[in-house]
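Engineer: Listed below are the residues making up each chain.
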Amino acid sequence: MSGPGSLGSALAGTTVVDPARATQAHGFGGQADLPIPLDLAVTGAVAALVVSFTVLAVAWRRPRYETGERGFAAPAWLDTLVSSTGFTVALRVVGMVVFAYAVATAMFGRDSLINPFLGIFYVWLWVGIVPMSLLFGSFYRSISPVRTLHGLLARAIRVDPGEGLFAYPERLGHWPAAFGLLAFVWLELVYPFPTSLGSVRLWCAVYLAVTVIGGLLYGSRFFRLADPFEVYSTLVGHLSVWRRREGRLWVSSPLANLATVPATAGLIGVVGVLFGSTAFDSFGESPAFVGFVQDSTINGNLLRNAALLVFCGGAMLVLVAGTMLTGVDGGTPRRSLPDRLAHSIVPIIVGYVGAHYLTALLETGSRTLIYASDPFSLGWDVLGTADWGYVTWFSYHPTLLANLKVLMVVAGHVAGAVAAHDRAIAILPRRHQLTGQLPLLAAMVAFTAGGLYLLFSA
Amino acid sequence: MRRAVAASIGTLVLLTAVSACSDASGASTAGGASGSSASGSAAADPVTIDVTFDGDSVEPNGERIQVEVGQEVDLVVTSDEPGEIHVHSSPEQELEYEGGDTPKTFELSFDRPGIVEVESHSLDQQIVSLEVG
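Protein sequence lines, in the order shown, are assigned to chains A and B.
Number 110 in this note's numbering belongs to position 126 of the first sequence; there are no gaps in the numbering.
Add 349 to a position in the second sequence, counting from 1, and you land on the number used in this note's numbering.
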């Protein structure tokens, strides 16, 4: 994402850079991770292949997770605590404080890479959403500033925040969220000036306006279905141990939790954009693509736009084909299969996104905390973190980092294969259960091997 | 019962596959990494990269070049016009050149492993990416 078109123009243009402090990773250019070694990528891919067929051959023959009964109720005191109004409000207040801080830096901060707004938006929010949701479940929903703003607005004009003016169209499902995610990755990876303060501010303003108005029109279910960040967070949160079951706080294995992802229309679009864009990010940095774009007589920006669409659309098509190429019986419409099996791609996305962004989260995330202490670039130290170091430890341990990345990708693949198997034996007719899983398994192996190849060639 | 057995066999195979993967590659990459850090700064000869600007184009064109940690990298810049080159290392470096008939040489070295991109922002082009390992 550090293509010369992106960071380059931002730096050369209006930004004021303090060279000593301006290094950035991911999304901002700067030094990036070494590629993973070839042999490691190959062994990872082979492991994924072996694992897939092991799951198919020896795993259970009856669905384990479909009933949603696995797990146990969380201790009553914990349930009481997290369900209390005080706790809910406290989380929303935390969200609003960070939001207000971000708005202040966006409005009054300098148009520079040392403005913490960029790191808060691209790293704390976009990258941080994954580990926070893995740990705590639907994290963004709990802190969502748009939900808070919408709630306050609804109260002010005396309407019920839960009820909108119209019923949310069933067919839309998660498609608006898929589009919103595409808009985000476009800003981050394709738009030539992703670090120009004005552009990011405009994007955020449009996001806020669309989601708050959507909330007023369709009620708060709009956020659950259409807010890109909330959809992403809630999806990843299904790999946490927490969920609500019949109103109670419930603890179960991530795989059991994952099986409770509702088969909403457009889910396939969401996972396609998430996987495809991360793959595009790796691909866009590879010397092969950079050289091709620079040699080509076609406008580089056009090529990058096209490549992003090809990656997201391609991921979606592969998944649609992988899920639909099976025998079904009369009761199961073939067209419903992609959305009913799309949840199994979530662990693969999380593994790959984790491998892709691990160092960015640590390094740029910690650097953002340093910048955040001086929100307007005036030499302040309001948080007392201005002198803190940032985390570069993994740069000096590339072997460990590479192993960790491959482990994340393979672990994601294992969980994905198990989740797909469990759903397949639940919804496919008995005689197609084994063969019906093969196309999706092939798609998963392709994703994992492709992801590892991109980590190797980036 | 059978399910439990099947599941545990599955888990065992997974664990073996996964650990085999990390073992095998761990050994080989560890060798590579220690090799580069051992031969590090003093031993390796400087790498010379000729950068030639000609109007709206620049050579090389986004190639990947491998260098070692601490190895000297000489960027020899020939250009008809003045300009600057951005080196996306930590910390970032901006190299200004005046242009004209005599090439200007910048001596760089990197002590942190990673990919360092060298770009011309006025041309919107990546010149090389250095794989520092």
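Simulated from the structure, these hints should not be mistaken for lab results.
Glycine included, every Cβ here is placed at the ideal spot set by N, Cα and C.
There's no promise every hint is true.
Each pair of labels, with its calculated beta carbon distance range [claimed, not checked]:
1) GLY363/A - ALA393/B: 38 to 48 Å
2) ASP23/A - GLU456/B: 40 to 50 Å
3) GLY275/A - GLU445/B: 23 to 33 Å
4) ARG461/B - PHE71/A: 34 to 44 Å
5) SER406/B - SER237/A: 54 to 64 Å
6) GLY368/A - SER406/B: 47 to 57 Å
7) GLU430/B - ALA140/A: 52 to 62 Å
8) SER406/B - GLY298/A: 24 to 34 Å
9) GLY135/A - SER406/B: 25 to 35 Å
10) PRO440/B - TRP364/A: 17 to 27 Å
Engineer: If a hint holds in the structure, say so; if it does not, say that too.
Structural biologist: Each hint tested on the structure:
As the Cβ distance of GLY363/A to ALA393/B is approximately 41 Å, the hint placing it in 38 to 48 Å holds. The hinted window of 40 to 50 Å between ASP23/A and GLU456/B is violated, with their beta carbons roughly 34 Å apart. Separated by about 26 Å at the C-beta atoms, GLY275/A and GLU445/B satisfy the suggested range of 23 to 33 Å. Against the hinted window of 34 to 44 Å, the Cβ-Cβ separation of ARG461/B and PHE71/A comes to about 43 Å, which satisfies the hint.
The hinted range of 54 to 64 Å is satisfied by SER406/B and SER237/A, whose Cβ atoms lie roughly 57 Å apart. Separation of GLY368/A from SER406/B is about 49 Å and conforms to the stated range, judged on CB atoms against 47 to 57 Å. At about 59 Å, the CB distance of GLU430/B to ALA140/A agrees with the hint of 52 to 62 Å. Taken as a hint, the range 24 to 34 Å holds for the pair SER406/B and GLY298/A, whose Cβ atoms sit roughly 32 Å apart.
A C-beta distance of roughly 56 Å is found between GLY135/A and SER406/B, which places it outside the suggested range of 25 to 35 Å. Between PRO440/B and TRP364/A the Cβ separation comes to about 22 Å, which falls inside the hinted range of 17 to 27 Å.
Hints 2, 9, counting from the list given before, are not met by this structure.
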